[in-house]
Amino acid sequence: MSFLEYGLFKYGKTVQQLMNAPQGSNKAEMDKAQGMVDAAQAALDDMLAKLNQQREVEAPFKKADEENKTALAELQAQEKAYTDKIETLERKSQEGGVVSRNKALAELEALKSQDPLPLSRAKINQAAAVKKAEKARAPFLEATLKVEAAVAECEARFKEALAFLDEVKAKGGSPNGTIWWMQREIEEKKKFLPQKRH
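If you read the sequence shown in the working numbering, its first letter stands for residue 1, the second for the next number, and so on.
If you are wondering where the hints come from, they were derived from the structure by calculation, not from laboratory data. Some hints could be false.
As the list claims (entries may be wrong) - Capping the alpha-carbon separation at 25 Å, the derived lysine-lysine pairs in DSS-like fashion look like this:
id, residue 1, residue 2
1, 191, 50
2, 32, 190
3, 159, 169
4, 191, 159
5, 159, 189
6, 146, 62
7, 80, 131
8, 159, 171
9, 32, 189
10, 80, 69
Produce the complete structure using the sequences and hints provided.
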């Protein structure tokens, strides 16, 4: 028994149908399919370029964000030191002898009346870091939105091309090897799409 006979039996076709089947004469649809695959590749290249731009803009944003976190930590440390010193002096002004209580009260009043320079400096530094982070965030968010739009367009093009290839394949009369190769190209290119972070 030959392979052709087995194939005819398996797919329920006749010899007449096999001999009259078109053999890849669907050039117009294949050209259209290749155009869709090329458009999907162009969308992927555009998306990858935008992704690289986003990564370039991300570095200053991350640096500014780290500076903001450092300034915030410094501000919290200065505030804690200031409040701890006030609490210690208030506790001392309530305990001990008359001289030590009066000394603690005098120090407490002096501490409350003066402007704590390290705390003020930390507040100013933290405010500057927040402004710098906000300034760096705008281009990063813009680049992120562009990347998300490019990814959506790329996914839509891939989906459209695969649907068209499945449609052409279902019609028959097209070279299945070429269709398989185009589908394989699209599946390989999908691997370059960024993974969604949840």
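Notebook entry, point to check: Okay, which hints does this one fail, numbers in order?
Noted result: Per hint list: zero violations.
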